[in-house]
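Participant: Protein sequence lines correspond, in order, to chains A and B. Just so we're aligned, residue 1 is where the first sequence starts under my numbering, counting upward by one. Just so we're aligned, residue 1 is where the second sequence starts under my numbering, counting upward by one.
Among the clues, some could well be false.
Claimed, not checked - Going by beta-carbon spacing under 10 Å, a handful of chain A positions derived as facing chain B:
no.	residue
1	L4
2	R5
3	R154
4	R155
5	R317
6	I318
7	L320
8	A408
Claimed, not checked - Straight-line alpha carbon distances no greater than 27 Å define the calculated DSSO-like cross-link-like pairs of lysine-lysine that follow:
no.	chain 1	residue 1	chain 2	residue 2
9	B	K136	A	K13
10	B	K135	A	K13
11	B	K162	A	K402
12	B	K74	A	K402
13	B	K17	A	K402
14	A	K402	B	K76
15	B	K115	B	K162
16	A	K402	B	K15
Unchecked claim - Pair ranges (Cβ atoms, derived):
no.	chain 1	residue 1	chain 2	residue 2	range
17	B	G124	A	R326	20 to 26 Å
18	A	Q725	B	R112	33 to 39 Å
19	A	I386	B	C10	28 to 34 Å
Simulated from the structure, these hints should not be mistaken for laboratory data. Every residue gets a Cβ at the ideal spot worked out from N, C-alpha and C, and that includes glycine.
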Amino acid sequence: MNDLRYALRQLAKSPGFTLVAILTLALAIGANSAVFSLINSLLVRPLPYREPSTLVLIWEQFRSQGLERIPVSPAEFRDYETQLRSFEKIAAFDYTTFNLTAGDLPERIQGAVVSPNIFTLLGVQPLHGRAFSPDEQGLGRDDVVVISERIWRRRFNSDPAVLGSKLMLGGHAYTVVGIMPAAFEFPLPLFNVQGGTFGERVEIWKPIAFIDEEMKARGSRNYSVIARLQNGVSADQAQAEINGLIANWLKQYPNNYGEGNFGSTIYPLQDQVVGEMRPGLVILLGAVAFVLLIACANLATMLLARASAREREFAIRIALGAGPLRLLRQVLTESVLLALGGALVGILLSIWTLDFLKRIGAHTIPRLSEVNVDLAVLLVTATVAILTGILFGLVPAVAIAKPDLTEALKEGGRGSTVGGSRNRIRNVLVVAEIALALILLVGAGLLMKSFVRLQNVNPGFNPHNVLTAVVSLPQIKYPASGPSYLGGENAIKFFTEAQRRISQLPGVEASAIAALLPLSGSNSDASFEIEGAPPHGRGPGPDEEIRVVSPDFFRVLQVPLLQGRFFNEADTSTSPQVVIINEALARKYFPNGDALGKRITFDDPHKDPKWITIIGIVGSMRHRGLDVDPQAEYYLPHTQFPLRSMVVVARSKLDPRSLSSAIRSQIQSIDSELPIARVRTLDEVVADSIAPRRLSVVLLGVFAAIAVLLATVGVYGVMSFLVVQRTHEIGVRVALGAQRRDVVRLIVGHATKLVGIGTLIGLALAFLSTRLLSALLYNVGAFDVATFVFVTIALTAVALLASYIPAHRAARADPVVALDHNA
Amino acid sequence: MIKLTNLERCYLLAKEKFFYVLRDINLEVEEGDFVSVMGPSGAGKSTLLHILGMHDHGWRGEYFLGDTAVHHLKPKERATLRNEQIGFVFQQYHLLDDLTVYENLDIPLSYRHYKKSERAAMVGDMLDRFQIVGKKDLYPSQLSGGQQQLVGVARAIIAEPKLLLADEPTGNLHSSQGEEIMELFCKLNEQGMTIVQVTHSEKNASYGKRVIQLRDGWIVKEEQ
Chain A
1 MNDLRYALRQ LAKSPGFTLV AILTLALAIG ANSAVFSLIN SLLVRPLPYR EPSTLVLIWE
61 QFRSQGLERI PVSPAEFRDY ETQLRSFEKI AAFDYTTFNL TAGDLPERIQ GAVVSPNIFT
121 LLGVQPLHGR AFSPDEQGLG RDDVVVISER IWRRRFNSDP AVLGSKLMLG GHAYTVVGIM
181 PAAFEFPLPL FNVQGGTFGE RVEIWKPIAF IDEEMKARGS RNYSVIARLQ NGVSADQAQA
241 EINGLIANWL KQYPNNYGEG NFGSTIYPLQ DQVVGEMRPG LVILLGAVAF VLLIACANLA
301 TMLLARASAR EREFAIRIAL GAGPLRLLRQ VLTESVLLAL GGALVGILLS IWTLDFLKRI
361 GAHTIPRLSE VNVDLAVLLV TATVAILTGI LFGLVPAVAI AKPDLTEALK EGGRGSTVGG
421 SRNRIRNVLV VAEIALALIL LVGAGLLMKS FVRLQNVNPG FNPHNVLTAV VSLPQIKYPA
481 SGPSYLGGEN AIKFFTEAQR RISQLPGVEA SAIAALLPLS GSNSDASFEI EGAPPHGRGP
541 GPDEEIRVVS PDFFRVLQVP LLQGRFFNEA DTSTSPQVVI INEALARKYF PNGDALGKRI
601 TFDDPHKDPK WITIIGIVGS MRHRGLDVDP QAEYYLPHTQ FPLRSMVVVA RSKLDPRSLS
661 SAIRSQIQSI DSELPIARVR TLDEVVADSI APRRLSVVLL GVFAAIAVLL ATVGVYGVMS
721 FLVVQRTHEI GVRVALGAQR RDVVRLIVGH ATKLVGIGTL IGLALAFLST RLLSALLYNV
781 GAFDVATFVF VTIALTAVAL LASYIPAHRA ARADPVVALD HNA
Chain B
1 MIKLTNLERC YLLAKEKFFY VLRDINLEVE EGDFVSVMGP SGAGKSTLLH ILGMHDHGWR
61 GEYFLGDTAV HHLKPKERAT LRNEQIGFVF QQYHLLDDLT VYENLDIPLS YRHYKKSERA
121 AMVGDMLDRF QIVGKKDLYP SQLSGGQQQL VGVARAIIAE PKLLLADEPT GNLHSSQGEE
181 IMELFCKLNE QGMTIVQVTH SEKNASYGKR VIQLRDGWIV KEEQ
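With the hints as extra help, turn the sequences into a complete structure.
Facilitator: Written as structure tokens, this is what we have:
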């Protein structure tokens, strides 16, 4: 208790030192807390479902076509559901949207269609009401919905009467049977999954209703599948059972699966949700550990300087009977107190940092909205703080453990504070700080350069000055035969008219519609046959990424026409079917440059197929990511392949955001019940596609900046201390004729030696460690010479500048005063 | 109580070149004695005192404190012995600036693992005995030099040592304050405490029973 009281008094006595120390530690411990919170929430904390470790996703593959993790068709799902015994429950789901017409403004709501057992599979009970019953599945029995607590609160003012009432969704009435808890989220957005999307949170769940046509189309895969392993069944056993089922399919449906390249694999759900973030987070954890070590080194040098000043006090304490352990306890009490103070401020900093990260990335990074500072984070932070306090307190404690009592207690004794060993410790600490800061800075430099290169990648289209908005037509009002995503003649009319009206808005240069936006995270592919191509037998035919667009789409996105023509008004539902391909597809399938005029079909080419003629070749766009080379794509006109949900794109001479209300008005002037949703500029779409990278770059950049700041303060502190120590010597030198520049050279020369050694060690370690970053780098080598050189020069310059300030002060000192100092 | 035989202390100047601070010191101090060590600056007085106080371990020769052969003890054992037997008064007072008078008196006891209640009683006694109860919550900077040294002496004897070592205890005090401290030493000596003090002052030396003169590290004179 006494130690604590004395320590508090000591710290209060030097408010400047205490403040700097606490801020230094707050930066370092705060950075650690923030990154640990991310890791805890994203990787460690189980998903918010019952026994999440037994939840798996089932994805299919056509490996020889490069198709990994593709969705499942309804017919396949039915086989999984009825034949697999390894799973306790199995459910299908897909994203959908609903146009909610309750209240004044129609609103597009993100929704999902799910197997009725989804909530029991996940083990989450509704907050109010009930989950779906098993018989609420299939057409005619699917007019029930479960809504989220969020939408219940926002749209219905948490009115309990909503339960049992009817909701008008897309012109159809659905009974609300349940309300899910506020924290419930399903599906969780996934990374790098074909068909996955950086979607909004789902607010309405409706039972799946497979139609007969869907059940017949075994190759039409649109549904994701989630399952819970039976108790005692391992993932390997479940996989073996699936493999058996697939072997049966291959025999039973040879035309659907070809020869031996089809598979179905189970993946742990947690890995699918956040697994892709693991390498980035591990690197960030390494970075903050470095920052913490630098802060420790800094604090150790500061405490060493203080220990020198307090040597007499420690000598007295020893003379009065204090043993080494007692002194150690006293010193460590002070350093741990400082560290806990730093942790307290650091926690506040980390809370602000996490709030900021959530604001910028919650809709693009899975589970980021769940990130918070919980008890686990607080415990880890406290542990880190105590260990940190012990670590940086030990150095000065050991250094003062055996003072020369006789010298320290003598009358006017200066003590042995100028001892060589302590200076050596200080020098080693500065060298370590510079080395660590350099490693971090090199890492951050490489990531930043990679990010800048990625941002400067030509995506194949011009994303500037384009506004995008999603418009989904309800099936009841815009019916069509076939799967629910298809539109009919009135969908064609609606979108054609909408596009015409939007094109005439003031400021709009051109407008169009498209089923998918590039880099939006959504994707779609389809198999086709090329007329005259050699038969591929039972092997897979071509399967490439498919897009549905309106004639002006390429003009709006400024995608160049390389050959042939764009779609035009003459391409209607009754005219001959046409297709535009991109350069990548042309090269892949028509290497002789003779694609124009060739024909493809979705039908069996031997059974009087509907042929679709290639009328144009456009430049390739990057769709899956800025860091992924453009894939082969083909485009169909929406007049010949109408869909109900499309994205309106409009290029503007003005700020594109200013168009949003005018576009909404135009859409609602055609159909007053239609909302527009996900209004974003195309620049934002592109930026969102690299959000996880941006998160790593921003955080690593900030940590590197903190590291440089701390290392600079460290160099400054040590050099300032050195100047005070050598004031008398400097006075003598000046009295003997040394010029100011000689004094500056003396101090800066010492700093140069330390910085030089630190830099060399840092460079060597950076060479060894940057290969860990390779997976996160784009178009930049892990040993990029320019980055290494630039960072080294920058850090050296900053460190030497930090040493110049005390050197300059020493050079300006009055030699008379200096000679009197401690004389 | 103290017996030094052939004790010497030297520092290495260069290869095989030594500078001797104390040479061939042979000295006996009886229990209850009051010895004053005198001599010019650099004679080795303070070094001798720090060796007696076991602050300095780099000496050769024999040093018996009571029956204990200090020269055979390890530093940790010497520290224990010092805590049990010796109190030290410094010319600079060396009070801990951040502690109150009460806490300065308390600290040697806390280092000797006395219980809190015992410590409170002993500190209270000492404050009474030195008539500084009113100053117990003051910090050293709020006291005069004489008062500080009074606290220094109180702190040195609070753990009831048998031997009190004092290095120029009045060196920083004006004459009346110095006399007060020396009279206090006499009183302690009369109560049975053995005292060895280093002093430049003939007058202060005269308070003791014996005077030892040091010069260039040698004992040159001893007078009763």
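Participant: State for each hint whether it applies.
Facilitator: Verification of the hints:
no.	hint	in the structure
1	L4	violated (13 Å)
2	R5	holds (9 Å)
3	R154	violated (59 Å)
4	R155	violated (63 Å)
5	R317	holds (7 Å)
6	I318	holds (8 Å)
7	L320	holds (5 Å)
8	A408	holds (9 Å)
9	B:K136 <-> A:K13	holds (20 Å)
10	B:K135 <-> A:K13	holds (21 Å)
11	B:K162 <-> A:K402	holds (26 Å)
12	B:K74 <-> A:K402	holds (14 Å)
13	B:K17 <-> A:K402	holds (26 Å)
14	A:K402 <-> B:K76	holds (12 Å)
15	B:K115 <-> B:K162	holds (21 Å)
16	A:K402 <-> B:K15	holds (25 Å)
17	B:G124 <-> A:R326: 20 to 26 Å	holds (23 Å)
18	A:Q725 <-> B:R112: 33 to 39 Å	holds (36 Å)
19	A:I386 <-> B:C10: 28 to 34 Å	violated (46 Å)
Consistency note: the structure conflicts with the earlier hints numbered 1, 3, 4 and 19.
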